[in-house]
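Q: Take a look at the letters that make up each chain.
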Amino acid sequence: MKKKNNILKIEHLSVAYGPIKAVKKVNLEVNQGECVALIGANGAGKTSLLKSILGIQKAEKGNIFFLGNDIGRKTTDKIVSLGLCLIPEGHIIFSSMTVLENLQLGAYHNPSDFDENIKRVFNYFPILQERSGQIAGTLSGGEQQMLSMGRALMSKPKLILVDEPSLGLAPKIVTDIFDIILELNREGYSILLAEQNAKKALECSHRCYVMKTGEIAVAGFSRELMDDPKIRQAYLGGS
Amino acid sequence: MEIFIAQLVSGIALGSIYVLLVTGFNLMLLVAKIIQFAYPQIVVISMYTCWGVLQLTDNKFLVILAGIAVSIILNILSEPIFRKITTTQGVDINASFVASMGMAMVIMDIMSHSINYGFPVAFPSEWVGGNLLSFGLITVSKGQLYALIGSIIAVLIFFYLLYRTNQGRFFRAIAENRFAACLVGIPIIKTSVFSYFIVGVLGGITAILFSMLIGSVSPWLGEFVALKMLAVSIVAGLGNLKGGLVCGLILGILETMAMGYISGSWSNVIAFVVMLVVVLIKPQGLFGSKI
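Just so you know, the protein sequences line up as chains D and Y, in that order. Residue numbering for the first sequence is 60 to 298, as defined by the numbering used here. Residue numbering for the second sequence is 676 to 966, as defined by the numbering used here.
The shape of chain D in the complex, shown without the other chains:
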């Protein structure tokens, strides 16, 4: 773990909502080209961790380095402009705008390569091209999740944080979404994936952190964790 090429490095990060500590002294890193999973039950602090990386939730203590820059005190717009983006849980989109407008907003910090980026996004999600003039709120849940992902890709990010992409979606669509995450990773995107569905997350990631009540309980290579009987028992339903 002493590789120099880490893209994201988090040291002793704590996040608190008043007296409630959501994240406690977490250390975590993501290397270039890696897909790292962050698993844990509902309320383990995954979303708080991701939000604090992006500066949406202020961290109480600790440092966050992204490509060598200390981003712990920066505002969200500055962090996004450095090449970090979050695909939030529950497909957060601009529902009264068209699909195209949503994608245009995603390119806020990267308007110059718009044509090239939108071609790539339409390549991943052909459905978005078909529906580009449609009002985003009328899309189905799965399509909205795809739009949310497409919008994030419009900024040509260097690291993508994904929060619960499978939440509230049909199993078939969940498989599609994970296929796309795998494909993105294969194309060279570094990904940090927070997910309750431990099995899916372990399958598509290189390394994994297990969060429990705000702390990292276990960390290791996904393949090893998948074979670990304790982990199987606790997070994979024992089978």
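Hint data in this document are derived by calculation from the structure and do not stem from the laboratory. This list has only true hints and no planted wrong ones.
Here are the simulated DSSO-like pairs of lysine-lysine, each with C-alpha atoms no more than 27 Å apart in a straight line:
# : chain 1 : residue 1 : chain 2 : residue 2
1 : D       : K178      : D       : K215
2 : D       : K137      : D       : K217
3 : D       : K137      : Y       : K759
4 : D       : K117      : Y       : K865
Dock chain Y against chain D, hints included.
A: Using the frame of chain D, we list chain Y on its own:
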């Protein structure tokens, strides 16, 4: 019939001023997430500024420039105060309402103590302009025409900016989903300061057209208008820009009709009773609230 047309003409002119006010107010509500109750007071100060500059010079261009500049400056000066209130994650509309009410009272008191001993001031006749045409009871004054044409142009430009430009898309993004706007990297504070600027320009234009329409200004004008602006916004649906257009015009027409057919002193009562009934039937506003 003559009365009807005469009142319709002045109603549309008055309504177009309400439309401008409500549009600025709604933009603040949507982008800056505040209830800017003091906005009409800023418009009134701008009107006083126009009057003051008119005492010094006949150059109308300078007058217009001064009116708009004062409105922009006051709007932007109010931004840090509101930012203090709205820093916490969500939006505290109640706090901004109290703060802006206080601001409105301070502005009103300063005006009533320091300008012309609080008496209304009249604009010179070359600013207001005489009647353009008259058939019997129906008259159209220059001021009415300017108010109407000016507000149509201002509203068209505003809506073009909002729905056809990138900057407008950023405004709408923040208005619709602050969290998502944050995620795509829109600088929330910078963009909302820019919305104060836009509303400042709109307020200056409103002041100029309003002064041409009514030809006088008093310290209490702002408060009358503020109540109507708030009421129109609520009746149309808070933050609903298109609804504000329709309801602003309707209020103007309703008021002048009441003046023409019943009695001038009852026009406010009638207008507000109608709005009360609407709110009772549709609490979310006629066109639906956007916040």
